[in-house]
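There are 2 protein chains.
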Amino acid sequence: MESELKAKIRVLLFTDEKCFGPGIRQLLDAVEIHGSLRKAAISMEMAYSKAWKMVKNCEKHLGFPLLISTTGGKNGGGAVLTDDAKKFLSAYEEYCAELETFGAKLLYEKFEFYNK
Amino acid sequence: MESELKAKIRVLLFTDEKCFGPGIRQLLDAVEIHGSLRKAAISMEMAYSKAWKMVKNCEKHLGFPLLISTTGGKNGGGAVLTDDAKKFLSAYEEYCAELETFGAKLLYEKFEFYNK
Chain A
576 MESELKAKIR VLLFTDEKCF GPGIRQLLDA VEIHGSLRKA AISMEMAYSK AWKMVKNCEK
636 HLGFPLLIST TGGKNGGGAV LTDDAKKFLS AYEEYCAELE TFGAKLLYEK FEFYNK
Chain B
576 MESELKAKIR VLLFTDEKCF GPGIRQLLDA VEIHGSLRKA AISMEMAYSK AWKMVKNCEK
636 HLGFPLLIST TGGKNGGGAV LTDDAKKFLS AYEEYCAELE TFGAKLLYEK FEFYNK
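Respectively, the protein sequence lines represent chains A and B.
If you want our numbering, it's the position in the first sequence, counting the first as 1, plus 575.
If you want our numbering, it's the position in the second sequence, counting the first as 1, plus 575.
Hints are computed from structural coordinates only; laboratory data are not their basis.
It cannot be assumed that every hint is accurate.
If several chains are the same, the list does not tell them apart, and a pair holds so long as it fits within one copy or across any two.
[To be verified] The list that follows gives simulated cross-link-like pairs (lysine-lysine, PhoX-like), each with its CA atoms no further than 25 Å apart: (1) LYS614 x LYS628; (2) LYS581 x LYS614; (3) LYS662 x LYS581; (4) LYS614 x LYS680.
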């Protein structure tokens, strides 16, 4: 009983069905970095078809588009996040961060007997 | 965008490795109800060998025994939770419940724009 307890908190958001979680969060973050869904998928070692399905499925349940296709330029065929997607992603990230902070404090309180 | 957003929060506890989560919680709850690991496993449609491994693995990482074998009586060969296990399980359940409550309030606050 020497090692201190830590909590990993995973949040899935639902409307009617599962619609948003750590996987799509990571994918959208990667689209923001790479400016393309294809490159984002590659960076996560995920098949492009799977990434595309994740986006479409999430859009369907959330009720708004997540990506805008960009064309032209030397790296034509990219994608950027819609304003709605940015807002939702940022709300999810804030939500997870605040839950983690609260969760870490609560863990200490509830499991004080164990960490002694 | 008619359906309201809900969050499902999953908590895994770690010492050095993963040691406690929804699976072992459900199994220990079932042992309390059925008074036997074998019956608990059956109630969850889980192989007894898998349930036994889950318990042993969890005990190893937590550093204390979870179950005491009981013998005798007409249903001999049962098991009950140790006091340490009861204390830990109850701390985990309280932890998850309070996190859920906080999480539901926070969800409303962070995603108010979406639920409108």
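Okay, the hints, checked on the actual structure:
1. LYS614 x LYS628: within (15 Å within a copy, 41 Å between copies)
2. LYS581 x LYS614: Answer is neither; intra-copy 34 Å and inter-copy 31 Å both fail.
3. LYS662 x LYS581: So LYS662 and LYS581 pass the 25 Å test across copies only (17 Å; inside, 30 Å).
4. LYS614 x LYS680: neither (38 Å within a copy, 37 Å between copies)
In this structure, the hints that do not hold are numbers 2, 4, in rising order.
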